[in-house]
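Peer 1: Here is how the chains run, residue by residue.
There are 2 protein chains.
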Amino acid sequence: MRIGVVAPSSPFERETAARVTALAAKLQPSAELVFHPQCFLSHNHFAGADKSRAAGFAEFANDPALDAIWFARGGYGACRMAEAALARLEAPAIAKTYLGYSDAGTLLAPLYMRGASVAHGPMCQDLVREGGEAAIARALAWLVERDLAALEPGLDPAHPHAAFNVMVLCQILGTPLMPDLGGHVLLLEEVSEHLYRIDRALFTLTSNPAIRKVAGIRLGRCGDIIENDPDFGMDAEAIAKEWCARSGIAWLGAADIGHDAANKVVPFGMTG
Amino acid sequence: MRIGVVAPSSPFERETAARVTALAAKLQPSAELVFHPQCFLSHNHFAGADKSRAAGFAEFANDPALDAIWFARGGYGACRMAEAALARLEAPAIAKTYLGYSDAGTLLAPLYMRGASVAHGPMCQDLVREGGEAAIARALAWLVERDLAALEPGLDPAHPHAAFNVMVLCQILGTPLMPDLGGHVLLLEEVSEHLYRIDRALFTLTSNPAIRKVAGIRLGRCGDIIENDPDFGMDAEAIAKEWCARSGIAWLGAADIGHDAANKVVPFGMTG
Chain G
1 MRIGVVAPSS
11 PFERETAARV
21 TALAAKLQPS
31 AELVFHPQCF
41 LSHNHFAGAD
51 KSRAAGFAEF
61 ANDPALDAIW
71 FARGGYGACR
81 MAEAALARLE
91 APAIAKTYLG
101 YSDAGTLLAP
111 LYMRGASVAH
121 GPMCQDLVRE
131 GGEAAIARAL
141 AWLVERDLAA
151 LEPGLDPAHP
161 HAAFNVMVLC
171 QILGTPLMPD
181 LGGHVLLLEE
191 VSEHLYRIDR
201 ALFTLTSNPA
211 IRKVAGIRLG
221 RCGDIIENDP
231 DFGMDAEAIA
241 KEWCARSGIA
251 WLGAADIGHD
261 AANKVVPFGM
271 TG
Chain L
1 MRIGVVAPSS
11 PFERETAARV
21 TALAAKLQPS
31 AELVFHPQCF
41 LSHNHFAGAD
51 KSRAAGFAEF
61 ANDPALDAIW
71 FARGGYGACR
81 MAEAALARLE
91 APAIAKTYLG
101 YSDAGTLLAP
111 LYMRGASVAH
121 GPMCQDLVRE
131 GGEAAIARAL
141 AWLVERDLAA
151 LEPGLDPAHP
161 HAAFNVMVLC
171 QILGTPLMPD
181 LGGHVLLLEE
191 VSEHLYRIDR
201 ALFTLTSNPA
211 IRKVAGIRLG
221 RCGDIIENDP
231 DFGMDAEAIA
241 KEWCARSGIA
251 WLGAADIGHD
261 AANKVVPFGM
271 TG
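Residue numbers (our numbering), protein chains in the order written: chain G, 1 to 272; chain L, 1 to 272.
Next up, chain G with everything else stripped away, as it sits in the complex:
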């Protein structure tokens, strides 16, 4: 099992890579982690220029000697290299598994649309979180063993699923990166936003005809909420429930995902 790591968004540190490598060697000795040198580039906001990130991603995605692609971290920037990266993908890229979340959703979405096996779940950078070793262990257990204990516990074998950060899904909605989520249970999570912005984004999502075709919405954790002035008067779950009610989308309750070490794995599509 060889897992390639790429960083299509914000810069990643060599020290974190070394720590993840050491932990992986202990937890999953049969697996080899291969960090693309692009991970450690730095260009303004990004892990290298758009061309470098597109080239690094395409090289590893197309490499038949790699079984899976694991995203180093999120941040921002995948949408700037997505078009160029996707244009280069060949058959080995579609035969792989991809794991990540947050800004990586910008690539998970079109990869899912193209038939690749993709999942929303922990990334290398999660090691620096409190309790982060559990997140790395969970990600590797799923990548290497397809350990069912790594999965979000409420996945319904009767429906396909997809999971996104709220802002990332808004960002790709209506663009060529957006897959058809009709009939899917849609899991959402958010971090470091004001409640009025979460409300605004859920208006956008639930008012969209494509999103209205989902089988239902479940809301994960919305962490590190930025204080709303004045108080918003509703929490994130109340907001999501209200927009589901207004739009006729089924509200399916809480989800065990989020920008934290407890973030569970959600494979896109059918899991049954």
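Among these hints, one or two may not hold up.
Pairs involving identical chains hold if they fit within one copy or between any two copies, as the list cannot separate such chains.
[Claimed, not checked] Pairs of lysine to any residue, SDA-like flavour, derived with a Cα cap of 25 Å:
id : residue 1 : residue 2
1  : Lys241    : Asn44
2  : Lys51     : Pro64
3  : Lys51     : Asn228
4  : Lys213    : Met178
5  : Lys241    : Glu83
6  : Lys26     : Leu148
Honestly, the hints are just simulated from the structure, not real lab data.
Just so you know, these numbers come straight off a predicted model, no measurement behind them.
Following the hints, position chain L against chain G.
Peer 2: Just chain L now, kept in the frame of chain G:
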């Protein structure tokens, strides 16, 4: 000339209303400003509950004794009352002129789609800005006299125009509030955002097939930019130019609009 003022978004203060009324009496003695009592309600983040804001807006919009509707201020909340408000509109609402910007764009958009005369320009709350009297004078000169000096100076009589806050346009894109902007020159402005978020939003806009039908994009001022860590490496104009180049949308240069006292008036549609 009777101008009704409503507040579909954040709360507005009586003291500001009194100051705007006094200034209007001096500048445009032929005009009467009528503040709906809803303007002074307060419910969490909003100028009254969703129902109150929808009712206030619909009452004034449908009142044949009012010639124009002026938005008191932006903030956030119009999308929460828009559907209910729009469902109640009668013929007198379409015969009116509407002036506002920022969150008011959420209502300007569907009102334009329904055939009303709408314009992007200063609101009552702009009086509290430095130099804010000039903004109020400009808004009233346009509402009362259709003073051409109030208009954004680069409007092209050969094309219809529309103007929006970047985040507000992203918010309504793909929803029933979104008008057809095919063939329009699209003016954009932004305030209090990180450059990475402006970049992300311009990806969303310029990647959308409906937005790709615009005649071109002009960028107004992006004020009070929140510091990007690390430095983003491009300013807002460079970002807009790049996404225009990538998407094949004509870049038409700077626009004289923004969240400031110099904000000029942009009537939607043809101005020639």
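Peer 1: One pair to classify: Lys213 and Met178, alpha carbons no more than 25 Å apart. Within, between, both, or neither?
Peer 2: both (14 Å within a copy, 19 Å between copies)
Peer 1: With 25 Å as the alpha-carbon cut-off, assign the pair Lys241 and Glu83 to within, between, both or neither.
Peer 2: Only across copies: Lys241 and Glu83 sit 18 Å apart there, 34 Å inside one copy, limit 25 Å.
Peer 1: Which holds for Lys241 with Asn44 at a C-alpha limit of 25 Å: within a copy, between copies, both or neither?
Peer 2: Answer is between: at 18 Å across copies they meet the 25 Å cutoff, but 39 Å inside does not.
Peer 1: Classify it for me, Lys51 with Pro64: is the Cα-Cα distance of at most 25 Å met within a copy, between copies, both or neither?
Peer 2: Classified as within: same-chain Cα gap 22 Å, cross-chain 58 Å, threshold 25 Å.
Peer 1: Classify it for me, Lys51 with Asn228: is the Cα-Cα distance of at most 25 Å met within a copy, between copies, both or neither?
Peer 2: between (38 Å within a copy, 22 Å between copies)
Peer 1: With identical chains, the pair Lys26 and Leu148 could be close in the same copy or across copies; at 25 Å between alpha carbons, which is it: within, between, both, or neither?
Peer 2: within (20 Å within a copy, 73 Å between copies)
Going down the numbered hints, you'll see the structure goes against none, and every one checks out.
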